[in-house]
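Trainee: Turn these sequences into a full structure, and let the hints guide you.
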Amino acid sequence: MAPASLSSARTAFARGQASSFADRAGWSAKSARRGMSRRASVTKTPRALFTGLVQGKARVRSFENLNDEFARLTLEFPKGALDGILIGASVAVNGTCLTVVELGADGASASFDLIVETLRATNLGKLSVGSEVNYERSARVGDEIGGHTVSGHVHCTAAIVEVVDTENNRKVVFETSNRGLIKYVLPKGFIAIDGCSLTVGEVDKTTGRFNVWLIPETLRVTVLGTKRVGDTVNIEIESQTQVIVDTIERYMAERGI
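50 is the number that the UniProt record's numbering gives to position 50 of the sequence shown; each next residue is one higher, with no gaps.
There may be inaccurate statements among the hints.
Said to hold, decoys possible - Below, in silico cross-link-like pairs of lysine-lysine (DSBU-like), each with a Cα-Cα straight-line distance of 30 Å or less: (1) Lys227 - Lys171; (2) Lys183 - Lys205; (3) Lys205 - Lys79; (4) Lys205 - Lys188; (5) Lys188 - Lys79; (6) Lys126 - Lys171; (7) Lys57 - Lys79; (8) Lys183 - Lys126; (9) Lys171 - Lys188; (10) Lys227 - Lys188; (11) Lys183 - Lys171; (12) Lys126 - Lys205; (13) Lys79 - Lys183; (14) Lys79 - Lys126; (15) Lys227 - Lys183; (16) Lys227 - Lys57.
Stated by the list, open to error - Using C-beta positions, here's what the derived DEER-type ranges look like: (17) Asp204 - Asp165: 19 to 29 Å; (18) His153 - Glu254: 50 to 60 Å; (19) Arg220 - Pro187: 21 to 31 Å.
Everything labelled a hint here was simulated from the structure, so no lab data went into it.
We treat Cβ as the ideally placed atom computed from N, Cα and C, and that holds for glycine.
Mentor: Below, the structure written as structure tokens:
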């Protein structure tokens, strides 16, 4: 695809993202003018948006397998982490967008329902009491996007196959469970791992493996600091990269290139 076409694809996608975000902002402004409750604005917002900047770690207080296709997850959060939150709000848990269905009387816990697709496609079904998870509350209009826009829709999981520690950082090598998605993982591109916005290092498309480098702050603030070989993480590929790759492939296929 010619550079101009690639630029056009990026521009069109960016305009779509901006329009979508502006629409959400406009809805919130109209709701405020009409005096609608905070709960209404939470439950009627079209979709949540996250930044990939993990706000901290929460601990599993209980995990109830109600049947093979449904579970109730209750997390205990750090003091103040749930201030102002309401039932119906969205929280990214290990990068998975979940809805608050119950709040603890102590103000420090929240419960989430996990349906069959969530249990199948993410690592949340492997949690147990005492496990730690990354969390990020949904972004608000005007918040800094310090990472990259993350939807909380996990594409696949990846297994950690190698961990290399140096004096000041750590290299972690992952192997994706869905080899077909590796085409969207590009060197120096964005990727969300357990909800954490990270920069891709090297990519081996033949093996479905890629690596990232983690600084001490990331290791301290997120659960990635405790991950070991064999552990599973949630992967969300960067949406703009996916659109561009798919657009180029479709363009080339239509022209027999």
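Trainee: Does each hint fit the structure? Answer for all of them.
Mentor: Going down the list of hints, with the structure as the test:
The suggested pairing of Lys227 with Lys171 holds, with an alpha-carbon distance near 12 Å, which does not exceed 30 Å. For the suggested pair Lys183 and Lys205, the alpha carbons sit about 7 Å apart, so the restraint of at most 30 Å is met. Proximity of Lys205 to Lys79 is assessed by CA-CA distance (about 43 Å); at most 30 Å being required, the pair is judged violated. Proximity of Lys205 to Lys188 is assessed by CA-CA distance (about 15 Å); at most 30 Å being required, the pair is judged to hold.
Proposed proximity of Lys188 and Lys79 is contradicted: the alpha carbons are some 35 Å apart, above 30 Å. A distance of roughly 24 Å separates the Cα atoms of Lys126 and Lys171; the hinted pair therefore holds under the 30 Å criterion. For the proposed pair Lys57 and Lys79, the alpha carbon gap of about 11 Å is at most 30 Å, so the pair holds. Between Lys183 and Lys126 the CA atoms are separated by roughly 27 Å; this keeps the pair inside 30 Å, and the hint holds.
Note on Lys171 and Lys188: the hinted pairing holds, with a Cα-Cα distance of about 14 Å set against a maximum of 30 Å. As the CA atoms of Lys227 and Lys188 are separated by approximately 22 Å, the hinted pair is consistent with the 30 Å bound. Among the hinted pairs, Lys183 with Lys171 is consistent with the structure: their alpha-carbon atoms are about 21 Å apart, no more than 30 Å. Using a Cα cut-off of 30 Å, the hinted pair Lys126 and Lys205 holds, with the two alpha carbons roughly 27 Å apart.
Annotation: proposed proximity of Lys79 to Lys183 is violated, straight-line Cα distance about 41 Å (limit 30 Å). Restraint check: the Cα-Cα separation between Lys79 and Lys126 comes to about 25 Å, which is no more than 30 Å; the hinted pair holds. Among the hinted pairs, Lys227 with Lys183 is consistent with the structure: their alpha-carbon atoms are about 25 Å apart, no more than 30 Å. Proposed proximity of Lys227 and Lys57 is supported: the alpha carbons are some 13 Å apart, at most 30 Å.
As the Cβ distance of Asp204 to Asp165 is approximately 21 Å, the hint placing it in 19 to 29 Å holds. A hinted range of 50 to 60 Å is violated for the C-beta pair His153 and Glu254, which are about 28 Å apart. In this structure the supplied range 21 to 31 Å holds for Arg220 paired with Pro187, their Cβ-Cβ distance being about 26 Å.
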